[in-house]
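Got chain A; can you put chain B on it based on the hints?
What follows is the residue order along each chain.
There are 2 protein chains.
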Amino acid sequence: MDAQALIDAVTFDDDGLVLAIAQDADTQQVLMVAYMNEATLRQTLDTGQMTYWSRSRQAVWQKGETSGNIQRVRSVRVDCDGDALLFGVEQVGDAACHTGHRSCFYRRFEEGTLVDAGELIFDPDDVYG
Amino acid sequence: MDAQALIDAVTFDDDGLVLAIAQDADTQQVLMVAYMNEATLRQTLDTGQMTYWSRSRQAVWQKGETSGNIQRVRSVRVDCDGDALLFGVEQVGDAACHTGHRSCFYRRFEEGTLVDAGELIFDPDDVYG
Numbered sequence: 001m002d003a004q005a006l007i008d009a010v011t012f013d014d015d016g017l018v019l020a021i022a023q024d025a026d027t028q029q030v031l032m033v034a035y036m037n038e039a040t041l042r043q044t045l046d047t048g049q050m051t052y053w054s055r056s057r058q059a060v061w062q063k064g065e066t067s068g069n070i071q072r073v074r075s076v077r078v079d080c081d082g083d084a085l086l087f088g089v090e091q092v093g094d095a096a097c098h099t100g101h102r103s104c105f106y107r108r109f110e111e112g113t114l115v116d117a118g119e120l121i122f123d124p125d126d127v128y129g
Numbered sequence: 001m002d003a004q005a006l007i008d009a010v011t012f013d014d015d016g017l018v019l020a021i022a023q024d025a026d027t028q029q030v031l032m033v034a035y036m037n038e039a040t041l042r043q044t045l046d047t048g049q050m051t052y053w054s055r056s057r058q059a060v061w062q063k064g065e066t067s068g069n070i071q072r073v074r075s076v077r078v079d080c081d082g083d084a085l086l087f088g089v090e091q092v093g094d095a096a097c098h099t100g101h102r103s104c105f106y107r108r109f110e111e112g113t114l115v116d117a118g119e120l121i122f123d124p125d126d127v128y129g
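Here the protein sequences line up with chains A and B, keeping their order. Start counting the first sequence at 1; every next residue gets the next number (the working numbering). Start counting the second sequence at 1; every next residue gets the next number (the working numbering).
With the rest of the complex left out, here is chain A (with noise of 0.2 Å):
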């Protein structure tokens, strides 16, 4: 895909990033939020697979690559100042977040107290215990 448009319509911040958040295309539950630089972002188009780049590993950050819980992308958006995207995506594997839970935005809070309130769809533990 001729990434050109969308990257011109991008302001990249000084360390060359911009937010990138994954909304399910379905069920407009927002995933996750994260940072992609010019080249993720152009594998993001290429390869129809979100890739980031993790700002504490500074490396390119395939979504699922180990896990196998990908996100297919299904549509971009850019916002009116050019520093955040916003991805629909098909997320593979229903968990985004590392901790099982499919939406990082799993804590709630509610009368002054933080509680879980996503659907965990698998125990961390079982996985990287």
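Hints were generated in silico from the structure; no laboratory data involved.
To list a few chain B residues with every Cβ distance to chain A over 10 Å, as calculated:
no. : residue
1   : G16
2   : A39
3   : R72
Residues of chain A placed beyond 10 Å of chain B at every Cβ, according to the derived structure:
no. : residue
4   : L17
5   : E38
6   : A39
7   : Q43
8   : I70
9   : V127
Partial list, derived from the structure: chain B residues whose beta carbon lies under 7 Å from chain A:
no. : residue
10  : D2
11  : L6
12  : Q28
13  : V30
14  : V33
15  : V78
16  : D79
17  : C80
18  : C97
19  : T99
20  : F109
The beta carbon of each residue, even a glycine, is placed where N, CA and C say it ideally should be.
Chain B only, in chain A's frame:
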């Protein structure tokens, strides 16, 4: 509201900021993404109205302060590593974006070009022109 449990779960970045995604609590449409510091996060919880920190203006930005398009907080979630918040909001005045679109993510990338695929609520020229 006692915000401390939430504050404790947040990892503010080097600039003292945390990402804040605003999602329509009814339709699940992602409306915008911006930043909060600890003070505006507390203000958001205290007032029940989305209050961001403007990085460009380096100032408190109570959403809708001038336009009337405020965002009422319905729910608050925090992600696994605490560097992003997801707010379910009621968007008053229908348009979250200063361009007059309902969502800031009104441009969709299709077949190598960006198309305006967003719902235009008002003509910004009528407001700011």
